[in-house]
Amino acid sequence: MSFDEIVCREFAELATDYLDGAMPEPTLELVEEHLAMCDWCRDYLHQIRTTAEVVADAEDDGPRFAPAEPVMQQLVGAFRRRRQGGPPG
Amino acid sequence: MIAYKFLCAGGLGPFSRYAWPLPRAERPGAWVIAAGDATLCATAVHGCRVADLPWWLQDELWEAEFDGAIATGRHKISAPRARLVRRVEGWDAGCEQRFADACARRARDHAATALERAGDSRSATALRERATPVDIVRATRELDPPETARVTVAMAGDGATRARNGHAIVAAYIAAQTAARVGGPDAAGAERAWQSGWLGSELRLRS
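If you read the sequences in order, they're chains A and B.
Under my numbering, the first residue of the first sequence carries the number 1, and numbering increases by one thereafter.
Under my numbering, the first residue of the second sequence carries the number 1001, and numbering increases by one thereafter.
Hints were generated in silico from the structure; no laboratory data involved.
One or more of the hints may lead you astray.
Here chain A is said to cover these stretches of chain B; the calculated rule only asks that three of the stretch's residues, wherever they fall, bring their Cβ under 8 Å from a Cβ of chain A [stated by the list, open to error]:
1. 1085–1099
2. 1124–1130
3. 1194–1201
To give a feel for the contact side, a few chain A residues facing chain B, derived at Cβ under 8 Å [stated by the list, open to error]:
4. E29
5. E33
6. A36
7. V54
8. V55
9. D57
10. E59
C-beta atoms are modelled at their ideal positions from N, C-alpha and C, and glycine is treated no differently.
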């Protein structure tokens, strides 16, 4: 029996490789052994998988809820004033 | 090759969330076929032998047929295709809890051994007398173990806590880690073998 294993912090660094399917077999087995018993890392994986799917959708379709033009102008103005150090208005 | 597959409730793959085709009317489920080269884990179908079971506990246990070139990993097998044959009905919440409790008692015994080696036989005896996870947790909190046994006793308490909460897979892991702390890597291997033996015997599985 090998005592190789990964801990949560290591999984956090490997999570995107795992989702990309870009992980060599020995590492993959360690990761899945860890995932099998770690609720926190499974939740974390679910979160970044969901985030990746949402971002991919947004890239495909553009923003789904674009603000109306006047609202957009107000937001851009407030953003510029904030960058210049002025009050948000 | 007949081997086993742990799935989440509803026949879902625990990592892929793939919905496995379930057997119907005593006929096996449809074959699940890997996308590519079965020697590459990401594209193979995975399962486990009886000896691998303690690493992969989930809600449902299925007997499965694996076909083609079988690759063997540390604690799993993979093949180009597999199908579910039958559910192992004996693996349910009650069985999982009994297994968790058994693992908690094993970790307790390893901690008691550590106490004896540290010269605290009285605490070792007191700990061994506790049988349920609740009582083991209480005992590990009441004891004031010698420094050399302190971590092992705390680990036994953690294992019992996880067992009490129904986390059998973690209780099993902690039992193996506790064994390793007392007896080294070989003891951990023996602990895992004991666990798979318990599961195989309780569930009458084919080795």
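Identify every previously stated hint that the structure contradicts and give their numbers, smallest first. Violated hints (numbers, rising): 1, 2, 3, 7, 8, 9 and 10; every other hint is consistent with the structure.
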